[in-house]
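Order-wise, the sequence lines are chains A and B.
Take 1 as the starting number for the first sequence in our numbering and just add one per residue.
Take 1001 as the starting number for the second sequence in our numbering and just add one per residue.
To be clear, the hints were calculated from the coordinates, so they are not data collected in a lab.
Built from N, CA and C at the ideal position, the CB exists for glycine as well.
There could be a bad hint or two in this list.
What the hints assert, rightly or not - Quick list of in silico lysine-lysine cross-link-like pairs, PhoX-like style, CA-CA up to 20 Å:
#1 A:K56 / A:K281
#2 B:K1055 / A:K282
#3 A:K281 / B:K1290
#4 A:K265 / A:K145
#5 B:K1293 / B:K1104
#6 A:K56 / B:K1055
#7 A:K186 / A:K155
#8 B:K1290 / B:K1253
#9 A:K132 / A:K153
Stated by the list, open to error - Quick list of the computed label-pair ranges, beta carbon to beta carbon:
#10 B:L1033 / A:A141: 26 to 36 Å
#11 B:T1195 / A:L241: 38 to 48 Å
#12 B:F1481 / A:P151: 31 to 41 Å
#13 B:T1400 / A:D262: 34 to 44 Å
#14 A:K56 / B:G1421: 53 to 63 Å
#15 B:G1254 / A:S170: 52 to 62 Å
#16 A:S277 / B:Q1134: 37 to 47 Å
#17 B:T1400 / A:A316: 48 to 58 Å
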Amino acid sequence: MRSTTRSFVAIFAAALCAVFAGGKATAAGYPERPIELIVPWGPGGGADQLARLVSKLMEPMLGQGIPVVNVPGGTGATGMAKLLAAPADGYAMAIYIADSHALLAGKSPRWTMQDITPVAVMIKGPSFIFVKQDSPYKTWADFEKDAKANPGKLKVATLGFGSVDDFSLSVLARGGVKVVQVPFSKPSERYVSILGGHADALYEQAGDVAQFLNSKQMRPIMLFGEKRLPAFKDTPSSHELGYKVALPQFRAIVMRAGTPPDVVKKVSDALAKVAASPEYKKFLEEQFGDPASFEDASKAPAFVNQQLEDMKKTVATN
Amino acid sequence: MSQILLQLGQGFLDCLTPINLIMLVVGIVIGLLIGVLPGLTLVMGVALALPFTYKMDVTASIVLLSAMYVSGTYGGAFTAILFRIPGEPIDVPMLWDGYTMGRKGQPAKALGWTLVAALGGGLLSATIMVMLTQPLAHFALRFSTPEYFAVLMFGLSSVVALGRGSLGNALISLAVGLLIATVGTDETYGASRFTFDTRILADGIEFLVVMVGAYGVGEVLARLETGFATKPIQKVGQTRTELPSWREMSALKGMFLRSSVLGNIIGLIPGAGATIASFVSYGMEAQFGKRRKEMGTGVAEGIVAPQAAATASVGGALVPLLALGIPGSGATAIILGAFMLHGIQPGPQVMATSAHTVYAVFASIYLGLALMCVIGYFAIRPLVKILDMPEAIVSAYVLTLCFIGALSIRNNVIDLWLMIGFGVVGYAFERLKFPVAPLVLGVILGPLAEASFMNTMISFGNDWTVFFTRPIAGTVMVFTFAMLALPFLQQWRARRVAAA
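Take the sequences, apply the hints, and build the full model.
Right under this line is the structure:
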């Protein structure tokens, strides 16, 4: 009841803003002042790095400053609240990642898809199960066998309960691979748990542990996706192993619903140029992102919606 | 050994190029400013500087960031000692003896001690880091959640040293702090606690808001009560000495060593950092030190212990970063980002592939410490003069600093209201003779301790004995209990002596 009232108010407010904005904020003069880029996470993380790179590359294209503002808290919810409190005129946008999106699959989310307009998807990359380099589990089959023989004994370090990590592991559990999920919200503790042998495996994106992969301290035994990646051609995908789950990490840029379509298009076009720049391509490669990550404003909403459907399906059958 | 010295020498030469020297100075000055501003934490400062390093050469950018990191642990001591606002959470222990020494008319001396402590702790820790990178890194890997919890319990147990007058009041204050820390969405299961369905509380209460409010705003309120009439300090101009004499320092060399080694070890632990190092080191000194009875009355030990440990923790935190690629703290995570940006992968092979850069980083820590102290030395005199200004004016600036600090934490106006609220709480606590420090300690360490406790329970199937059966956790726990039991034992013995 409360949430329907709230979303009604949100839609109404958005519509109202659109009416007011319709007259003056067309793409012709846009942007006339700096555009705020909200990062709903603290400084230094993956979302923050993306924001600062995009800001740097996009500023000369739009001719205005794009200050990055970190508003951490509530798995991204605090930053999203700030975005939704700003007028829908295209002068505020936010980094939107899969982990925040996962909140929508949970109970009483603080915003819905009706409140936001995805402008572009900037990076997509599958998640992996990693083990320590000298782990006794040579392959996924070893891990699976041990986990099935000793349900609830093997420890897998993840981001936390209710996250994408949690959803993916629940699919494994339905296939008989029952593990203990140990939540570490701090990345450093998550990585030490593997390198120090305190946990048996790690759920993570490859870009975040690149330093451990390159220095041969960790190795992947499975990736969550439909097919293998060229950079990890010996690592089997979850689909070929019989687990129908593929929830990639993604980082997108969103604005408020009701932002004039031509403004959205202008920013989306600029982001397309950002994505095509050699500097961004290098970043994508370092992050082990899908080379075809970018989705513009015409395709991004469908992608983001599909992700939510997939997450909900994972939770529903739980 | 000679190999290390040779490479370190090369590192010094690399640091002495004009561009690197400029970066070193810039980094130190910015780091000091960040330290001074409450709310603008080290991590934020280093993150804000990162984009400027994109175009720099790798050595210059790491030199800039690590100089900021080192001097950021020192700058906050100025505001803590002069105005009773901790610029960083690490400076909270600086309030007890540092501020008290300042109030007794020796602010320049108190600042002199922090300078010596930062230099001594930093240099010792840097030397340990250079000599023992590999073995220390492997030691760091042995820490897991039970060990984090044990270390945090040890930090919390330093509360017995903080409740000067009454242990009971200190424990009540700590409990209030721990309770405040539970407000918001719980980290492990996402349950809402004490949020009363409001958005304000759903994201929890930032410890920085509590810290800045209870100390900064609370102090201004206390001065307002007296109508800014009290001349706080006897004429500052009379105090000439700034640096402690060689004799005074050599009397404390044992505790310099103790605090620095402790700071270094705590810096190594991925779940802990400068803040915990500072609290634990103060607690150790107050409980086991030679002049433990006088701690809190403005003695040098109370300044040296937290400052030496805080600066020493930087060297410790860089070890797992360089040797294993594990960022042990927020700031080192960003330094890792800078390394990777320039195509250097910290990790076991880094000494083989990029020894040049690594030794330049080591050398920059030494040079940074030295330069930081020179800048700090010349800053003491003009800064102490501020205390000669009318109190009302100083208080206005203090309040402005508090507001800027509270807003910069997460750009949230609600935090300003919370900060004012905690200012009133801090003032009320002082009036009712409840110490504020345990409250702040509880708010800072509470969430960390809770998360590591929950994680241990999940990870070890609710077996609480792991805290005592794992060697490192068990040892730390024994120390914790010793710390907690000591005041009671002393009381008991005093009574026996009195009876006999």
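(request) Quick one: which hint numbers does this structure break? Sort them smallest to largest. (result) Violated hints: 3, 4, 10, 14; rest satisfied.
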